[in-house]
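**Q** Single-letter residue listing:
There are 4 protein chains.
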Amino acid sequence: MQRITILIHCEDQKSIIATVTNYIAAINGNIIYLDQHVDADENVFFMRLECEFSAKDWNLESIKSHFETHLANPFNMNWEIYPQEQKPKMALFISKYDHCLYDILGRYSAGELNLEIPLIISNHEDLRSVADRFEIPFEYVPFTKEIKAQGEQQQLDLLAKHQIDFVVLARYMQIITPQLIAAYKNNIINIHHSFLPAFPGAKPYHSAFKRGVKIIGATSHYVTEELDEGPIIEQDITRVSHSHSIEDFIMKGRDLERMVLARAIQLHAERKTIVYNNKTVVFS
Amino acid sequence: MQRITILIHCEDQKSIIATVTNYIAAINGNIIYLDQHVDADENVFFMRLECEFSAKDWNLESIKSHFETHLANPFNMNWEIYPQEQKPKMALFISKYDHCLYDILGRYSAGELNLEIPLIISNHEDLRSVADRFEIPFEYVPFTKEIKAQGEQQQLDLLAKHQIDFVVLARYMQIITPQLIAAYKNNIINIHHSFLPAFPGAKPYHSAFKRGVKIIGATSHYVTEELDEGPIIEQDITRVSHSHSIEDFIMKGRDLERMVLARAIQLHAERKTIVYNNKTVVFS
Amino acid sequence: MQRITILIHCEDQKSIIATVTNYIAAINGNIIYLDQHVDADENVFFMRLECEFSAKDWNLESIKSHFETHLANPFNMNWEIYPQEQKPKMALFISKYDHCLYDILGRYSAGELNLEIPLIISNHEDLRSVADRFEIPFEYVPFTKEIKAQGEQQQLDLLAKHQIDFVVLARYMQIITPQLIAAYKNNIINIHHSFLPAFPGAKPYHSAFKRGVKIIGATSHYVTEELDEGPIIEQDITRVSHSHSIEDFIMKGRDLERMVLARAIQLHAERKTIVYNNKTVVFS
Amino acid sequence: MQRITILIHCEDQKSIIATVTNYIAAINGNIIYLDQHVDADENVFFMRLECEFSAKDWNLESIKSHFETHLANPFNMNWEIYPQEQKPKMALFISKYDHCLYDILGRYSAGELNLEIPLIISNHEDLRSVADRFEIPFEYVPFTKEIKAQGEQQQLDLLAKHQIDFVVLARYMQIITPQLIAAYKNNIINIHHSFLPAFPGAKPYHSAFKRGVKIIGATSHYVTEELDEGPIIEQDITRVSHSHSIEDFIMKGRDLERMVLARAIQLHAERKTIVYNNKTVVFS
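Just so you know, the sequences run in chain order E, A, F and P.
Read in my numbering, the first sequence has 1460 at position 27, and its numbers run on one by one without any break.
Read in my numbering, the second sequence has 1531 at position 98, and its numbers run on one by one without any break.
Read in my numbering, the third sequence has 1683 at position 250, and its numbers run on one by one without any break.
Read in my numbering, the fourth sequence has 1653 at position 220, and its numbers run on one by one without any break.
Note that these hints are calculated values from the structure, not bench results.
Mixed in with the good hints, there may be bad ones.
[Unchecked claim] Pairwise CB distance ranges, derived in the manner of DEER restraints:
1) E/E1494 to P/I1580: 56 to 62 Å
2) A/D1490 to E/N1511: 29 to 35 Å
3) A/H1557 to F/S1640: 43 to 49 Å
4) P/E1501 to E/S1562: 44 to 50 Å
5) P/I1679 to E/N1511: 31 to 37 Å
6) P/E1501 to F/I1465: 25 to 31 Å
7) P/I1580 to E/S1562: 37 to 43 Å
8) F/L1493 to P/N1511: 35 to 41 Å
9) A/N1476 to P/Y1573: 42 to 48 Å
[What the hints assert, rightly or not] In silico lysine-lysine, DSS-like type, Cα no more than 30 Å apart, as pairs:
10) P/K1712 to A/K1643
11) P/K1529 to E/K1685
12) F/K1705 to P/K1712
13) P/K1636 to A/K1643
14) P/K1529 to P/K1685
15) F/K1447 to P/K1497
16) E/K1712 to E/K1685
17) P/K1594 to P/K1520
The beta carbon of each residue, even a glycine, is placed where N, CA and C say it ideally should be.
Construct all of the structure, not just a fragment, from the sequences and the given hints.
**A** Quick look at the structure:
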C-alpha cells in the first residue's frame, strides 16, 4: 500500500468534497484522514487528505495526471500530492545561538523528525563543532551588508546542490534576501522570540521586561519580505512575573523558542500547513 | 436556507464520505463543516457534518427518511440529524454549591448558550433565590437513600413534563439512579473536581493537597453507573504550589469547575460529541 | 487576634527586613506571610507582609504611628497598613456588554470576592435590570464628549458619596477623564481584550483575526492617561486556529476577559499589588 | 563578594526571620532573595535565602559554625548553606530511550544547566555513542533481578568515585534499590510519564488512551521506596483529543518528559526544593 497526502485550496464550490472522495473511491483508496476548512469571508476552500491505495494497481504519476485533468483543472485548484515515504530535505541557518540547534539535532537524532538534514549554513564558525558532533555537513557562508550578493549566491548554490526543500532559521541573525525568499516562498521558517505582533524586531525580551508584561512568547512564521510579518505557523507563551530578570526572560524564552520552532518544523514537514492571504491553515 | 447537523458513526467502510457528500450535493446542499475520525483499533468511522439547503425545495422529514433508507441502512449507521434552529432543553440539578449555577445562569442570560433552561431541580431549598433571580422554574425534590424511589420518580416526571433533552449536574451532591441514567443515556453531564482518573470520589482537593501535586484539575464527563468513570468530555488544570492551602485549592478549583462544565455544556448543546466505547469523540 | 497587611516600597537598603521583622517580634506579632522583591536595576525594595497580633495588647493606630516614626521615616518608605477585616469598596463602570458584569456579580453573590460593591455606574440604561437582579445600586450617568465635564463631576460625586476605594471598568466603553484618573491613581482597573502590547485600541479581535495569530489574550491593567499603556496586573491567553471565525474569537475572548478581570480584582482587593515605574509587583 | 544560599526548615516559632535577617545584617550581608513558607497544618517553617557578603571579611566556615551555634541549634533547625559557585555533580541513569538524554546534554552543552555531569550509567550499551558525542564518561552497569546486589554495588562505587551529589533517572527502566535510595535520600529524581497520581506504573500512555482522557501529563519526583509515590517536584500537561493515537500520546509525551525533567533538574541544582512529609516546597 502506498500512502499519499493531498493538499488542496481553491474557490469554494459545491461538490468539491464529493468529487475528490469519489475519485479516491474509484481507485479503491482508503481515506485515513480528511479535514477541510472554508474561509467564509474569502470564499476559499481548503482540504488536507491522507489516503492509501494499492501501489500494484495504481501508479502515482498516473494518479497525479488524472487528478490534474479531471479534478484540479475543472475546480481551478491549487494542489499538491506527496508520497508519505518521501522525506523533505531541510537546511538549517544558524549564527551563534546554539539552543535551538541542539534541540533540533537532538530530536533528529532521536528519530522524531520525519525529514532529512543534509546541510547547515552559518555566518559564523562558532557552531561548527556542534554540527560535527551530530555529523551534519556544515558550511560557513559569511554574510554582511557589504557582501550580500555574494553571500546570497553561495546560499542559493548550496541549497540547490543539496536539493533542499525548506529552510529553517534557527536564530539566524542576518536578513534573508528577497531573492532567497522568492526561491523558497512559504518554505523558510523563522522563530521570533515574542508573541507577534507584540515586540517585533530586535531585543523583544528587553522590551517585554520594560513593558512589565505577565506573559512572554515565541512565534514561528514563514519569512516574507516584511520583517516579522509573515504567516504565523505556531505560537506559545509562558508566564513571567516581577521577580524575573531580563536574563530569566531570556532563559525561559529559550524553552519557548525550542518548542515552538520544533512544532512548526514538524507541521511543515508533515505537509500540514497551507498559506493563504498571509495566514496559515494548520491541519491537526 | 435551513441548517442541519448530521452525526454518524458506524463500522469503517470504503466510500462512506463519498456517499454522504454525494447525497448533500444531490439536494443542492452546501457543506459548511465536515470533520471525520477513524478509530483504527476499533475500525469505527465517525463523522460530523453541517450543511445548509433550501427549505423551500427540500423537507427535513423527507431528507431524514431518504437518509435512513439510502445511506444509514446500507452502511448500518448510528445517525442523528438535528435542525440547528432547534435549541436543546437542559435541566440543572443542584444542591448547595452556587458557583457553577451562577456561572451557567450568567452565561445563559448573556446569550452565550445555545439552549433553553426550563427547569432547575434541587435536593435543598437553599438556592431557590438564585433561580428566582434569573427567573428559572425551581423544583425542590428531596432525595435521600430512604426515599430514593420516590425522588427518582419525581425527577423523571419533571424531566418528562418539561421535555428535557439533557441534564447537567452542577455540583449536585446525590447519586443519580440507574433508571435515570438509562432514561438519559449519554445525556447527563457531571463536573468532577479533579483531573480524572486521579482522585475520584469524595474530597479530591483534600487528596490532592495531601499528595502534594503541582497541578489540580476538573473533569466533565457523561454519567454512567460507575462513579466518576463515564466518558470524559473536557478537562482542564491549573498550577498550584506548596504555598496554597486546601482552601486555595478549592477556590482555584471553582474557576476550573465553572470553565470546564461550561465548555462541556456548550459542546453537548452544539451536538459536537459522540460517545463510543466509554470515550468521547469531540469535534472542534 | 487582629490581622494586618503591610505593603512597603523604598530604596533598597541593608537591614530593612531585619528592622521590620524585629518590630513585628517586638509587638509579639506572628508573621503569616512575607514576600519581598528587589528591583536590582532600579535599586528598589518591595515587601508584602501579613501578620497577626493581639488586639487587646496593641492598638492599630498606635502601631501605625510607631511604624511611621521608627520604620517608615528612617528608611524613607512608601507604606500602607490595612486591617484585613476592612473590605475595600469597589464601583463597577459598565456600558452594554454584560458578560463581565454577570461574572463579577455571580462571584460576589457566591461569596468569592473579599470586597463590597455599593455602586454600579453606566452610560446606558441597558443593564439596569442586571444590577437590579443582584440588588446593587445602579446609577445612569450619561457620558459623551459634549458633556464630559458634567459626566465626570457626576462620577466623582457618586464615588465620593459611596466612599469608593477602587473602580473596575467592566468593558466600559468611554474614556476615563484625567481628573478621575488622578483622583483614583492606581485604583482604576481596566480589562482590554488582547494580550497587550499587541492590538491596543479598538477592535483587537478583528485585528488578531486579520493577522492570523494562533493565540488570543486579555490584559487587565491600571488605567493611566496613555490608552492601554498602564501597568499590567494580569494577562492570559487561549489558543485559536484558522477554523475560528471572528465571532469565535469574541466568544472565546469573553472567557478570557471574565477570568483575567476577576483575578485582577481579587489581587487588588487583597492588596497584593504595588505599582512602580509603570509596572506592577504582584505578590502571590 | 561571595554568594550563598541558605535553606532552613524547623518548627514554626516567633522571631525566626528577625533572627536570621539580623545575623545577615551583622555580617554586613546583603539579602538578594528571601522567601518563606509556613505549613500551618504541620506548624513547620521553611525559608530560602540568598545573600552576598565580603569574602575578605568573613569566612564561610566560620559563618557556618556561628550559624549552627547561634541560630540553628536554638531553633532546632534543619539547615544547609551552599556557596553558589559550587556546582552540584549530577549522574544520569539511562536505558534505551534517548530523548531526555539528548535534551539534557543539549542544555548542558548550551550552558543552561548550573551543574556538572561527570557520569552516565546505563544498563544497556545502546546509548554509549550519544554519551561519546557529548564527551561524557559512560559506564555500562548491567542490572537485572538476578544480579541486583552486584549492580547496586557497582552503581554505588561509581557514584562515590565521581563524588556525585544527585542522580537523575532519564527514563531509566530498572528499579532503584533501597540501599541506593537511602544513600541518596531526596537526591534521586525520576520522570514519570503521567500526571501522577493518575496512571502510576507501567504503560501510562496506553492507560490514558484507554480511559479517553483529554489531557496527558508528566511528573518529576524524588524517588522513594514506594514506586511513583515520592515527593512531586514538577508536573505539566498537554491537551490530547480523540484524533490522537497512542503513538501520538507517546510523541507528545516526550516533549512533556523533556521539559518537566529539565525544570526539576534546574530547581534541584539551584537548591530551590525542600522535602517535607513526602511533599516538596519549591521556591520560585
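**Q** Each hint needs a verdict: does it hold in this structure or not?
**A** Verification of the supplied hints:
1. E/E1494 to P/I1580: 56 to 62 Å: holds, 58 Å
2. A/D1490 to E/N1511: 29 to 35 Å: At 33 Å between Cβs, range holds.
3. A/H1557 to F/S1640: 43 to 49 Å: 48 Å Cβ-Cβ, so the 43 to 49 Å window holds.
4. P/E1501 to E/S1562: 44 to 50 Å: holds, 46 Å
5. P/I1679 to E/N1511: 31 to 37 Å: Given a distance of about 35 Å, which is inside 31 to 37 Å, the answer is holds.
6. P/E1501 to F/I1465: 25 to 31 Å: Since the Cβ atoms of P/E1501 and F/I1465 sit about 28 Å apart, the hinted range of 25 to 31 Å holds.
7. P/I1580 to E/S1562: 37 to 43 Å: Given a distance of about 39 Å, which is inside 37 to 43 Å, the answer is holds.
8. F/L1493 to P/N1511: 35 to 41 Å: Taking Cβ atoms as reference, F/L1493 and P/N1511 lie about 36 Å apart, which means the hint holds.
9. A/N1476 to P/Y1573: 42 to 48 Å: holds, 44 Å
10. P/K1712 to A/K1643: OK: P/K1712 and A/K1643 at ~8 Å, within 30 Å.
11. P/K1529 to E/K1685: This hinted pair holds, its Cα atoms lying about 29 Å apart.
12. F/K1705 to P/K1712: Distance ~26 Å between F/K1705 and P/K1712 Cα, so the pair holds.
13. P/K1636 to A/K1643: holds, 25 Å
14. P/K1529 to P/K1685: Holds, at roughly 18 Å.
15. F/K1447 to P/K1497: holds, 21 Å
16. E/K1712 to E/K1685: OK: E/K1712 and E/K1685 at ~27 Å, within 30 Å.
17. P/K1594 to P/K1520: holds, 17 Å
The earlier numbered hints are all upheld by this structure, with none contradicted.
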